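**Student:** The chain contents come next:
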Amino acid sequence: MSTLIDIRDISVGFVGRDGRTREVLRNIDLAVDSGECVGLVGESGSGKSTLALAAMGYLKRGLRLLNGSATFNGTDIFAQSRQELERIRGGQLALIPQNSGQSLTPTMRIGAQLHEALRLHSALPADHHATKAIELLGHVRLPDPKAIVTRFPHELSGGQQQRVAIAMALAGEPKALLLDEPTTGLDVTTQAHILELLRDIAAERGMAMVYVSHDLGAIARVCTRVVVMYAGEIVLEGSTRHVLKSPTHPYAQGLLASIPKLDCAALPIALDGRPPAPGDAGAGCAFADRCAIVQDRCRSVRPQLAPSEIGGTVRCFLAEEAKRQKGRTTGAAPVRYSGDDTMLDLDGLSISYAKPRLLEQMLGRGTNVPPTVDDISISVGKGETLGLVGESGSGKSTILKAIAGLLPPAGGAVTAGDQPLPHTVEQRHPSQLRQIQLIFQNPDDSLNPRHTVSDILEQPLKLYFGLSGNKLRARSAEILERVRLGAHYLDRLPNQLSGGEKQRVAIARAFAAGPEIVLCDEVTSALDVSVQAAILDLLNDLKKTQGTTYIFVSHDLAVVRVLSDRVAVLYQGRLCEIGQTHQVFGGESHPYTKVLLGAVLEPDPDAEPTLAADDVVERAPPERGCPFQRRCPRRLGAICDTDAPPWQSPATGHAIRCHISLEDLNAD
Amino acid sequence: MLMRRLFLGAITVWIVSVIIFAGVEVLPGDACTAFLEREAQGKLLENCRETQGLNRSAAERYFDWASGALRGDLGVSANGQKSISELVGNRLRNSLLLALCALTAGVPMAIFLGVVTGLQRDKPVDLVFSTTAVFAMTIPEFVSATVLILVFSVWLGWLPGIVLTSAGSPVSEFFPEIVLPVIVLGMVMTAHILRMVRSSVIEVMAGDYIQMAILKGVPYWHIVFRHALPNALLPAINVVALTIAWLLGGVVVIEVVFNYPGLGRMMIDAISDRDLPVVQAIALIVATVYVGVNLTADLMTMVLNPRLRTHALRGS
Ligand SMILES: Nc1ncnc2c1ncn2[C@@H]1O[C@H](COP(=O)(O)OP(=O)(O)OP(=O)(O)O)[C@@H](O)[C@H]1O
Ligand code: SF4
Ligand code: SF4
Ligand SMILES: [Mg+2]
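Chains as they are written, first to last, in the numbering used here: chain W, 1 to 668; chain E, 669 to 984.
A portion of the hints provided could be inaccurate.
Some chain W residues flagged as far from chain E (calculated, every beta-carbon gap over 12 Å) [claimed, not checked]:
{"id": "1", "residue": "H242"}
{"id": "2", "residue": "A413"}
{"id": "3", "residue": "T652"}
For each label pair, taking beta carbons as the anchor points, the in silico distance ranges come out as [to be verified]:
{"id": "4", "chain 1": "E", "residue 1": "L972", "chain 2": "W", "residue 2": "D341", "range": "52 to 60 Å"}
{"id": "5", "chain 1": "W", "residue 1": "R450", "chain 2": "E", "residue 2": "A874", "range": "22 to 30 Å"}
{"id": "6", "chain 1": "W", "residue 1": "R82", "chain 2": "E", "residue 2": "I807", "range": "36 to 44 Å"}
{"id": "7", "chain 1": "W", "residue 1": "R82", "chain 2": "E", "residue 2": "V793", "range": "13 to 21 Å"}
{"id": "8", "chain 1": "W", "residue 1": "R450", "chain 2": "E", "residue 2": "K750", "range": "52 to 60 Å"}
{"id": "9", "chain 1": "E", "residue 1": "F675", "chain 2": "W", "residue 2": "P408", "range": "20 to 28 Å"}
{"id": "10", "chain 1": "W", "residue 1": "R199", "chain 2": "E", "residue 2": "A874", "range": "45 to 53 Å"}
{"id": "11", "chain 1": "E", "residue 1": "L972", "chain 2": "W", "residue 2": "P408", "range": "30 to 38 Å"}
{"id": "12", "chain 1": "W", "residue 1": "S525", "chain 2": "E", "residue 2": "Y888", "range": "52 to 60 Å"}
{"id": "13", "chain 1": "W", "residue 1": "P408", "chain 2": "E", "residue 2": "Y888", "range": "47 to 55 Å"}
For the record, the hints were derived by calculation from the structure and aren't laboratory data.
Everything numeric in this text was worked out from a predicted model, so none of it was measured.
Where a beta carbon is used, it is the ideal one built from N, C-alpha and C, also for glycine.
All chains should be modelled from the sequences, with the hints used to inform the complete structure.
**Tutor:** Next up, the structure:
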């Protein structure tokens with residue numbers, strides 16, 4: 001096999017505000033053969049994207065090539081003229097970006113964007129472009145390609161946009177594909193389908209791929225070789241099996257241990273600290289500050305990347321030692337709830353976004369669109385954690401908003417403790433507001449960038465407890481301590497905090513109110529796995545010490561598994577299954593739960609997902625029958641379309657809503 | 669959607685008309701006592717009230733005024749001599765003329781320069797034009813007007829520094845007197861639109877889809893014209909609309925400095941004459957123009973932006 005992408009000793013950096021050149025990539029060598037798929041992994045900011053883009057001769061504004069070269073198929077890419085680059089990019093060397101929703105031009109139709117790619121890079125005569133575009137869309141398994149060419153990007157779902165991006169990359173019949181987090185932010189089911197598609201395409205065309213991701217599960221599925229990056233350098237390189245099963249670098253071990261796994265109910269182990277900022281790594285090993293087996297020489301001498309006897313190439317003085325150390329891969333067991341006081345009760349909750357039209361309003365009629373969320377009855381015990389899972393659009397956040405009073409439900413009742421809660425925030429008593437706190441996915445949106453940490457924490461303390469002066473400050477510091485941030489953080493602004501620290505502040509703010517119920521909406525989804533592990537640990541700790549009741553929403557089933565006592569599965573705003581975590585995640589389950597579980601990707605090269613149902617996105621729930629009828633792989637027939645399925649209970653506390661009898665569900 | 673916007677626009681104009689009318693009503697006295705001041709007594713006052721119809725109830729008068737305005741009849745001025753529609757008609761035409769000249773000269777230039785400076789961010793061209801624009805925006809109009817008059821009219825004698833043509837003269841007679849006011853207006857306006865287009869171009873060019881287009885191998889000018897500009901210029905529509913509204917209703921200072929017979933100066937004159945019916949009429953016209961122009965801009969954005977377009981078509 002010939003080397004297609006050859007990156008030699010490349011360094012990339014920018015000039016910081018102090019005039020010093022700060023390196024983002026440090027002396028990296030990477031060679032990719034045709035037909036090979038290499039994964040690039042590492043925490044956010046480790047330089048994965050910068051490296052992948054450098055392979056195309058592209059550096060983001062402000063970044064400069066400091067050293068080294070990148071060749072593609074024998075041509076030195078940084079030495080090419082603009083015209084020459086335009087010919088190669090999108091032709092033989094194509095990129096599939098992370099967020100296709102934002103990477104497709106919003107004012108151009110899908111067809112026009114595909115035609116552009118074909119015009120630039122394909123040898124086909126112009127009058128074949130229209131048919132070729134449709135053929136490409138069909139090839140990436142988009143339903144009804146003829147209709148899709150006439151659509152604008154915003155009219156497609158996230159998974160469909162990603163497929164369009166893949167089709168566009170294939171238009172130039174590339175020899176190599178660069179993929180920058182192509183499935184991050186997609187549902188598990190969609191992700192699994194896209195990865196299968198990529199695997200098939202790569203195998204069929206013998207393309208080389210560079211796959212950038214922080215998700216080791218995805219890497220395990222598509223890559224044959226893995227490169228682990230840390231603070232702009234390669235720290236470990238080897239076959240996927242070697243890196244994932246027996247990593248020899250302490251950082252790679254830490255990364256793996258911080259991933260929650262579906263088949264393990266223990267808390268993942270957090271990797272404390274954070275990587276040095278560009279240019280701040282000292283003379284020694286960049287990982288020294290976080291390394292558990294660090295020695296004196298690690299701090300003064302930079303280890304070199306060297307082939308290790310136990311396989312792969314590793315940048316660590318103590319690789320052998322590290323390998324022996326490996327053993328503690330699972331963390332502490334999470335706190336489990338036991339008790340029977342009800343804290344929160346949802347009774348027949350239904351929520352509708354569709355507003356009746358003016359005319360219907362005047363005639364006093366509601367809409368006949370089925371409500372977005374319907375008939376949700378769940379009660380959550382005091383100190384219990386309820387996990388809420390389902391694909392995007394299943395109404396998870398909607399339910400949380402309704403509980404918090406941010407969205408008035410169309411019907412049903414919410415009871416906290418023994419008091420029925422009024423529907424909206426305005427009608428609720430301050431003590432009821434204090435009782436329920438919401439934490440959002442993205443702390444950047446929920447923390448005011450102009451308020452210091454102490455301003456943020458003092459708001460609820462003043463509002464609910466009337467604290468002031470020294471007491472206020474002391475209490476803020478105490479709360480901050482509880483989320484494991486020191487009092488010296490009090491005067492910082494959000495932009496002086498890392499992503500994980502911001503989320504801790506958001507958690508601290510919620511706990512400052514002394515809530516009984518905390519609603520967590522994808523609170524770890526925007527974070528690195530290592531940071532996620534620390535946040536999960538923190539939430540678990542608070543549950544133990546404060547006896548807080550959580551509703552924990554996440555699209556990541558393994559994360560839900562770690563924290564939840566009970567899990568409820570939602571499809572299109574309707575409950576499919578609810579039960580103890582171990583009941584839902586094993587034994588007989590609802591067909592939809594099976595689909596979700598089957599699509600989960602484990603960081604294990606031997607695990608294989610099962611794709612039971614396709615990943616079409618439904619815009620609205622069906623009017624009658626089972627909500628899952630259109631995608632269910634085990635559909636019984638007409639009865640599923642017409643009759644609402646009955647609740648069946650295989651064990652106490654476990655309920656499944658399906659027409660299939662329990663024995664048959666069990667049989668599968 | 670369209671109907672709703674039109675309906676809301678109409679409601680806004682209606683509410684404004686009520687406010688204008690009520691505002692004048694709550695002033696002490698009425699249109700006639702205001703206008704006649706110390707002579708407001710006996711026969712004179714009665715005659716005036718007769719022509720203004722002030723002897724009827726407020727509701728009746730509002731109805732008359734509003735329905736008249738709908739038909740294009742804005743009543744008679746307080747001195748009872750002239751129909752306001754006639755008076756305002758010429759002035760409105762003159763204001764439109766001024767606005768049109770400033771727009772045709774300024775908007776294309778502003779957009780062009782905005783795009784160039786945006787694409788050439790932090791390069792010499794950008795620095796020159798952006799700084800100039802900041803100056804043009806911050807110098808008060810009467811200062812730049814005075815300087816221009818000094819230079820081009822008093823010293824160089826190239827252009828007339830003041831408009832002597834009367835309100836009702838044919839359009840052709842306003843040239844070349846209109847040139848200096850147009851330049852002053854054009855400068856301010858160009859600066860505002862330029863800055864906005866520049867920042868919008870910069871934002872779009874830094875976006876993911878432009879990076880994607882580069883990495884797809886799309887040639888530079890294609891990126892600019894097909895991928896970037898259609899998105900970058902959408903927000904410009906609203907700024908241009910605001911500028912138009914401003915040109916038609918708010919350029920009082922410039923009209924006064926150059927003695928230009930437009931709506932703005934008429935408003936000033938009417939206020940100093942205490943001619944309340946005229947003040948009311950102009951206020952109503954300005955409000956209508958404002959609402960109309962903004963409505964048009966919103967509709968244009970809606971037609972040109974595929975996101976909004978599909979929403980509008982789907983209803984709701
Ligand atoms: N245009 C830029 N100017 C200066 N620094 C930059 C620029 N782009 C990225 N960096 C810095 O370079 C480093 C590497 O960034 P890069 O985007 O390659 O990381 P990544 O591994 O892809 O992270 P993520 O997982 O968040 O995508 C980071 O520290 C980042 O702050
Ligand atoms: S070189 Fe030293 S500090 Fe660096 S990873 Fe290896 S043991 Fe840890
Ligand atoms: S009721 Fe029918 S459609 Fe619904 S999950 Fe069960 S088998 Fe599938
Ligand atoms: Mg990245």
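**Student:** Hints first: check each against the structure and report whether it holds.
**Tutor:** Outcome of the hint check:
1. H242: holds, 32 Å
2. A413: The claim stands: A413/W keeps its Cβ more than 12 Å from every Cβ of chain E (closest is about 29 Å).
3. T652: At roughly 45 Å from the nearest Cβ of chain E, T652/W sits farther out than 12 Å, so the non-interface label holds.
4. L972/E <-> D341/W: 52 to 60 Å: The hinted range 52 to 60 Å holds for L972/E and D341/W, with Cβ atoms some 58 Å apart.
5. R450/W <-> A874/E: 22 to 30 Å: holds, 23 Å
6. R82/W <-> I807/E: 36 to 44 Å: holds, 41 Å
7. R82/W <-> V793/E: 13 to 21 Å: holds, 20 Å
8. R450/W <-> K750/E: 52 to 60 Å: holds, 56 Å
9. F675/E <-> P408/W: 20 to 28 Å: Since F675/E and P408/W have Cβ atoms about 27 Å apart, the given range 20 to 28 Å holds.
10. R199/W <-> A874/E: 45 to 53 Å: violated, 33 Å
11. L972/E <-> P408/W: 30 to 38 Å: Because 35 Å falls inside the window, the suggested range holds.
12. S525/W <-> Y888/E: 52 to 60 Å: violated, 37 Å
13. P408/W <-> Y888/E: 47 to 55 Å: holds, 51 Å
Hint check: violations occur at hints 10 and 12; the rest are consistent with the structure.
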